[in-house]
Amino acid sequence: MTVAPDYAIETIGLAKRYRTAMALTDLTLTVRRGEIFGFLGPNGAGKTTAVKLLLGLTRPTSGAGEVLSAPLGDRAVRRRIGYLPELFRYQEWLDAREVLGFHARLLGLATTQRRDESERVLSIVGLTARAHDRVGTYSKGMQQRLGLAVALLGSPTLVFLDEPTSALDPLGRHDVRVLIEGLRAAGTTVFLNSHLLTEVERVCDRIAVVDRGKVVAAGSLNELLGSASLVRLQLGGIGPAARDVLARIGARSERAAAANGTPVWYSVPTESADAIPAIVRQIVAAGAAVFAVEPQRATLEERFLEILTEECAVAGNHVADPA
Amino acid sequence: MLAITSLTLREASRRKVVAAAVAIAIVLIGLTGWGFWKLNASLSGHARDPALVAGTFSVLVVMLAYMFSVALAIGSAFLAAPALSADVDSGLLLAILPRPLRRADVVLGKWLGLALLVIAFVLAVGGAELGVIRLIAHYVPPHPLTALAFLAAESLVMLTLALFFSSRLAPIAGGIIAIALFGLAWIAGIAVTLATTLGNAALVHAGTIVSLIVPSDGLWRGALAALEPAVFVASGATAEGAREFGPFAVSGPPPAAFLIWSAAWAMAILAAAVLSFAKRDI
Numbered sequence: 001m002t003v004a005p006d007y008a009i010e011t012i013g014l015a016k017r018y019r020t021a022m023a024l025t026d027l028t029l030t031v032r033r034g035e036i037f038g039f040l041g042p043n044g045a046g047k048t049t050a051v052k053l054l055l056g057l058t059r060p061t062s063g064a065g066e067v068l069s070a071p072l073g074d075r076a077v078r079r080r081i082g083y084l085p086e087l088f089r090y091q092e093w094l095d096a097r098e099v100l101g102f103h104a105r106l107l108g109l110a111t112t113q114r115r116d117e118s119e120r121v122l123s124i125v126g127l128t129a130r131a132h133d134r135v136g137t138y139s140k141g142m143q144q145r146l147g148l149a150v151a152l153l154g155s156p157t158l159v160f161l162d163e164p165t166s167a168l169d170p171l172g173r174h175d176v177r178v179l180i181e182g183l184r185a186a187g188t189t190v191f192l193n194s195h196l197l198t199e200v201e202r203v204c205d206r207i208a209v210v211d212r213g214k215v216v217a218a219g220s221l222n223e224l225l226g227s228a229s230l231v232r233l234q235l236g237g238i239g240p241a242a243r244d245v246l247a248r249i250g251a252r253s254e255r256a257a258a259a260n261g262t263p264v265w266y267s268v269p270t271e272s273a274d275a276i277p278a279i280v281r282q283i284v285a286a287g288a289a290v291f292a293v294e295p296q297r298a299t300l301e302e303r304f305l306e307i308l309t310e311e312c313a314v315a316g317n318h319v320a321d322p323a
Numbered sequence: 001m002l003a004i005t006s007l008t009l010r011e012a013s014r015r016k017v018v019a020a021a022v023a024i025a026i027v028l029i030g031l032t033g034w035g036f037w038k039l040n041a042s043l044s045g046h047a048r049d050p051a052l053v054a055g056t057f058s059v060l061v062v063m064l065a066y067m068f069s070v071a072l073a074i075g076s077a078f079l080a081a082p083a084l085s086a087d088v089d090s091g092l093l094l095a096i097l098p099r100p101l102r103r104a105d106v107v108l109g110k111w112l113g114l115a116l117l118v119i120a121f122v123l124a125v126g127g128a129e130l131g132v133i134r135l136i137a138h139y140v141p142p143h144p145l146t147a148l149a150f151l152a153a154e155s156l157v158m159l160t161l162a163l164f165f166s167s168r169l170a171p172i173a174g175g176i177i178a179i180a181l182f183g184l185a186w187i188a189g190i191a192v193t194l195a196t197t198l199g200n201a202a203l204v205h206a207g208t209i210v211s212l213i214v215p216s217d218g219l220w221r222g223a224l225a226a227l228e229p230a231v232f233v234a235s236g237a238t239a240e241g242a243r244e245f246g247p248f249a250v251s252g253p254p255p256a257a258f259l260i261w262s263a264a265w266a267m268a269i270l271a272a273a274v275l276s277f278a279k280r281d282i
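Here the protein sequences line up with chains D and X, keeping their order. Note that the first sequence ends on residue 323 in the working numbering; no numbers are left out. Note that the second sequence ends on residue 282 in the working numbering; no numbers are left out.
For the record, the hints were derived by calculation from the structure and aren't laboratory data. One should not assume that every hint holds.
In silico contact screen, one side only, chain X against chain D (beta carbon under 7 Å); selected entries [claimed, not checked]: (1) ARG14; (2) VAL17; (3) SER90.
Quick look at which bits of chain D chain X covers, simulated, 3 or more residues with Cβ under 8 Å [stated by the list, open to error]: (4) 56 to 62; (5) 66 to 80.
Computed beta-carbon distance windows for the label pairs [claimed, not checked]: (6) X:GLY35 to D:GLY126: 41 to 49 Å; (7) D:ASP133 to X:ARG280: 32 to 40 Å; (8) X:GLY30 to D:ARG19: 39 to 47 Å.
Since the structure is predicted, the reported quantities are computational estimates derived from the model, not experimental observations. Each residue gets a CB set at the ideal place from its N, CA and C atoms; glycine is no exception.
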């Protein structure tokens, strides 16, 4: 297969069987160069297996794929790839500089470059002050920061981050978000495997949802979530004409209008975000005052659960409704 | 590959493997040196029969070498048994293998690092032990360097075998299987000695085949032949001698063909380890 040059990753029908268990049944996806790609799925969906296949750590049972225009696992291409594993573990008997020096050597960096490159990535992840301490003395969060530094070593073209914030506090998560945005600005492709849907929603350009070993939905956030299906309006000074307009467009007040004229929130169903200006124009023309307009759409979490529930129903395993 | 070798050596140093080995060696050499000093003193009190003295010391050196050989074999096996599998299980290799290196570099780099450690240990500790005995008891076995070379070769056989198992099996499983095969080869060596005294050709053949499948015992016998005085080796070739010396009876150094076989065996097992690890899903 030939990967179009604007794709960093392309796979067709990639599958992996471990003895009797099918870890991945059909991974077909494309990741464009320079984009932040979110890879989502429930536990056991095959996310880590997919990453291992793309890195050449595991060989596919069937299917094909290319990474940076080379076959999966190509040795020369691995020089341009960074990887933070979900199960991150580094030599606890080395200090951070020694770990980075070792990886820089494996990358083939010249001896003179190794130190500078190590210092650069240590500074990015905020570990410079502890760089002389043994990794064994690090907290899990610091070890994950070290893992990020290892992944960024040598300024890779493509970075795989498998649950990069699993051990980090809110400040650390914010730092990682800033780091990913910095990678995007530098044109680096990021393959982000994460459970934290709000994070994925905030940083990813495109997303794929994997369930039971295959991609069940993929696209940009707009494509996956759709545009606004509801708009919330905060209105005041509602007279009879405005009341008629609100009734015609199906607006529902979220609570009874106060006698003192305090603005009230209304919800109005829309077919798309494009319809919102016309709705506002009609209300204003009817004499009401518009204090706020908030287009509403499903969150990634809601859409994610919806996709998985649909998949579950298709597979014949209906999810029990907790209500 | 050399990056992995260097990391392996640094790990042994940082995790105090080297320090522990040196501490054990100092205790061992100190205790045996004290024993030889006491024995030498008690023998000096009597009219010394040079043949009796040499015979006594040679038997003690052989028994000491035997203990050293078993400790080396077990130590080498347990050093190599976790070398690959423990790093896979812990996740250490997840960050290393996506780098632009071959899986073979990891296997060969680890093997070279561990082999250097084992060879250095055999030469340093074995050499120091024989040096102390020479200093205290004025006894030097016939071919000390050859004996050390055979002990190092035996350790490398065990190291290579355990590394092969480590390419697929959990550390404990690999270590136990390697030690079990070492024990099997040892029993086979004794069986050959017994069969020689009994004139049982079938048992001699069976034992020889086992010693070819795992050449550790054959190499130990090379060390034995280099340590025993020529008169013992000559009598070991006879049924009476074999009966008298039991498990320590040896009729001569191993033939060149066995040495070539052992080297080829080690290379084949190392190649199998490389292939097996290259095909492993991480």
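To see whether the hints hold, each was checked on the structure:
no. : hint                             : verdict
1   : ARG14                            : holds (4 Å)
2   : VAL17                            : violated (11 Å)
3   : SER90                            : holds (5 Å)
4   : 56 to 62                         : holds (count 4)
5   : 66 to 80                         : holds (count 4)
6   : X:GLY35 to D:GLY126: 41 to 49 Å  : violated (59 Å)
7   : D:ASP133 to X:ARG280: 32 to 40 Å : holds (33 Å)
8   : X:GLY30 to D:ARG19: 39 to 47 Å   : violated (53 Å)
When held up to the earlier numbered hints, the structure conflicts with 2, 6 and 8 and fits the remainder.
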